[in-house]
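2 protein chains.
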Amino acid sequence: MEKDTVVNIKIEKAETSKINEVDFSNLSFGSVFTDHMFICDFKNGSWQEPTIIPYQKLSMDPSAKVFHYGQAVFEGMKAYKDDQDEVWLFRPDENFHRINKSSARLAMPEFPEEYFFDGLNQLLKLDKQWIKKGFGNSLYIRPFVIATETGVSASPSTEYKFIIICSPAQAYYAGEVRVKIADHYSRSASGGFGFAKAAGNYAGQFYPTSLANKEGFQQVIWTDSNTHEYLEEAGTMNVFFRIGDKLITCPTSDRILDGVTRKSVIQVAKDLGIQVDIRPIKVVEIIEAAKNNQLKEIFGSGTAAVINPILGFGYKGDKWELPKLEDSYASTIKNTILGIQYNTIEDKYGWRVKVD
Amino acid sequence: MEKDTVVNIKIEKAETSKINEVDFSNLSFGSVFTDHMFICDFKNGSWQEPTIIPYQKLSMDPSAKVFHYGQAVFEGMKAYKDDQDEVWLFRPDENFHRINKSSARLAMPEFPEEYFFDGLNQLLKLDKQWIKKGFGNSLYIRPFVIATETGVSASPSTEYKFIIICSPAQAYYAGEVRVKIADHYSRSASGGFGFAKAAGNYAGQFYPTSLANKEGFQQVIWTDSNTHEYLEEAGTMNVFFRIGDKLITCPTSDRILDGVTRKSVIQVAKDLGIQVDIRPIKVVEIIEAAKNNQLKEIFGSGTAAVINPILGFGYKGDKWELPKLEDSYASTIKNTILGIQYNTIEDKYGWRVKVD
Chain A
1 MEKDTVVNIK IEKAETSKIN EVDFSNLSFG SVFTDHMFIC DFKNGSWQEP
51 TIIPYQKLSM DPSAKVFHYG QAVFEGMKAY KDDQDEVWLF RPDENFHRIN
101 KSSARLAMPE FPEEYFFDGL NQLLKLDKQW IKKGFGNSLY IRPFVIATET
151 GVSASPSTEY KFIIICSPAQ AYYAGEVRVK IADHYSRSAS GGFGFAKAAG
201 NYAGQFYPTS LANKEGFQQV IWTDSNTHEY LEEAGTMNVF FRIGDKLITC
251 PTSDRILDGV TRKSVIQVAK DLGIQVDIRP IKVVEIIEAA KNNQLKEIFG
301 SGTAAVINPI LGFGYKGDKW ELPKLEDSYA STIKNTILGI QYNTIEDKYG
351 WRVKVD
Chain B
1 MEKDTVVNIK IEKAETSKIN EVDFSNLSFG SVFTDHMFIC DFKNGSWQEP
51 TIIPYQKLSM DPSAKVFHYG QAVFEGMKAY KDDQDEVWLF RPDENFHRIN
101 KSSARLAMPE FPEEYFFDGL NQLLKLDKQW IKKGFGNSLY IRPFVIATET
151 GVSASPSTEY KFIIICSPAQ AYYAGEVRVK IADHYSRSAS GGFGFAKAAG
201 NYAGQFYPTS LANKEGFQQV IWTDSNTHEY LEEAGTMNVF FRIGDKLITC
251 PTSDRILDGV TRKSVIQVAK DLGIQVDIRP IKVVEIIEAA KNNQLKEIFG
301 SGTAAVINPI LGFGYKGDKW ELPKLEDSYA STIKNTILGI QYNTIEDKYG
351 WRVKVD
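Line order of the protein sequences matches chains A and B.
So in our numbering, spot 67 of the first sequence is number 67, and the numbers just go up one at a time.
So in our numbering, spot 256 of the second sequence is number 256, and the numbers just go up one at a time.
Simulated from the structure, these hints should not be mistaken for lab results.
A couple of the hints might just be wrong.
What the hints assert, rightly or not - No farther apart than 25 Å at their CA atoms in a straight line, the calculated lysine-lysine pairs in the PhoX-like style are these:
#, chain 1, residue 1, chain 2, residue 2
1, A, Lys133, A, Lys18
2, B, Lys43, A, Lys57
3, B, Lys214, A, Lys43
Claimed, not checked - Estimated spans, in silico, between C-beta atoms of each pair:
#, chain 1, residue 1, chain 2, residue 2, range
4, B, Gly216, A, Gly339, 51 to 59 Å
5, A, Lys125, B, Lys263, 53 to 61 Å
6, B, Asp318, A, Trp47, 38 to 46 Å
7, B, Ser17, A, Asn20, 45 to 53 Å
8, B, Lys263, A, Glu215, 28 to 36 Å
9, B, Ser17, A, Ser59, 20 to 28 Å
On a predicted model such as this, the values are computed, not experimentally measured, just so you know.
Glycine residues also receive a C-beta, built at the ideal position from the N, C-alpha and C atoms.
With the hints as constraints, model all of the structure from the sequences given.
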């Protein structure tokens, strides 16, 4: 990454590593963190000296704006180690640009590109031992920005913290996933900030999802808040539908996250010769296709699982199960993306970026 | 308040008071806090022992869920001191019920009523000297709840902090307020959580408001996200329109905050003999009324200012100024509510509640 732009990052190394306390064969997603974190403060109108310090708690005033007015955005990325012990990132430029797009929509300052990449590079070098070899193992990387100015008046914060924390992860398996198609609750509004990876887009999903859980669904596929007639996204995943031999996903909009895995899936599918339609999808179209046995697959795409097959769905009390396929698009596309991520196949796209 | 339910609150008093460092004649809203704070942790499925401690920073893990998934709700209340040094709250039961309604929508645990009122009572007694006499002076009270469980997986937190902090305030004057009526950006979706006093409802307003600022407007009046044809709320205030002798405000919904001041304004206006229509209001209706000189007043209602007159508005490039009235509804209603709050007039509603 960006070798020629070296930023002066102040590094304070952890005195001891916690790594020997961690059972890498039994990791719960996102619950264990590496020895170090990257942190950079914004104040007086500019980003201050970036630092890498031992992973530690933050001292936050109770009136810090993030607690009251929700200025908080984040990204999800992964680092992978290949058989030669080289560490790779997957399309990190996409995450960098997206966190700044999210920040801008929430009136938060954009983060400098060289701070982001040099910080990430140096943090990963320091905590390289936390990235385990083997298909499925990875280091989940969480850059995020929070508003830290004190004061309970509803206005944009003048102070922020940009932080990167890292958590070792095994192959992500979400269990059997069946989804409820939303017919009352909504995730985001036209003219809102659903496209941003903002904290405020998540909290509102938990309660409707808990109601779906009680009906036997693990997740919700959100529909447009106006008519609930059009399928949008699953809150932590974009969604793809295979009808016959066609793969369909809805276009991105100001309500829908422009997923890095989503756009990778679209590209890989096209290059595998699959017809991909990017267009609005009506709920009734999916139900018709299910009735006619033309609905072959539904899957979600996201950083954590790459692709998550969806086994069935429910809508207004009715339930459908999907067929079990030997040669699913989901598994073919997922294996291609994983191959690129783990450096086991050629990357003709230039998506794989070495950490050095 | 609730004298008969005494909760065991552990109190640790501040060794010294900061009160002498504060210039009470020159307070910036929400920036100075009293000597103590109320704090209560939720873990293992229940609220733990409530405590009052010296106002202090919180030690938060960088992976705390509030920073990533936005589970955060709050309330805004005020305490007033009358000429006999008695301290009063205004309809605190409304705030108590609303914070739990907000929490429920965000899959957060509800807070026990006796903890809320005993905590508030004892905190206000300890910091009573921070409440200054005199019309306009008050103590702004900020109860809030944040998700504190560590871990970057998108699921409801199992741990929370309920906190109350207090900030001395002078009469709130927002300056001359002209508003832009939104025609592109939105505050909330049908089926979303716009009715909740949730952190995530605020961050998204700052950027569109900054665009409105550049056009000479201080605030935005949000419209429905579907058509932008109907007027909703101003983000930190509900909105009232006076056409001729009628006062009109839109009904509450899942997109609109059920404001305590809003419902007080409606009641007081009715009892003053003013006809109040609670119904959907089209933008075109307001523009027509402005053209015909029938639009007499627009004002916002909220805890901070009680009532905030709006001097003009803009919509899609056009601008209107409102007439300056001697006998505005805004000032008549505001004076009645202030009289109740400061114990200078009879409170036939039972809204005023003594802190003892």
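Do the hints match the structure? See the list:
| no. | hint | result |
| --- | --- | --- |
| 1 | A:Lys133 x A:Lys18 | 19 Å, holds |
| 2 | B:Lys43 x A:Lys57 | 19 Å, holds |
| 3 | B:Lys214 x A:Lys43 | 23 Å, holds |
| 4 | B:Gly216 x A:Gly339: 51 to 59 Å | 56 Å, holds |
| 5 | A:Lys125 x B:Lys263: 53 to 61 Å | 58 Å, holds |
| 6 | B:Asp318 x A:Trp47: 38 to 46 Å | 40 Å, holds |
| 7 | B:Ser17 x A:Asn20: 45 to 53 Å | 48 Å, holds |
| 8 | B:Lys263 x A:Glu215: 28 to 36 Å | 35 Å, holds |
| 9 | B:Ser17 x A:Ser59: 20 to 28 Å | 22 Å, holds |
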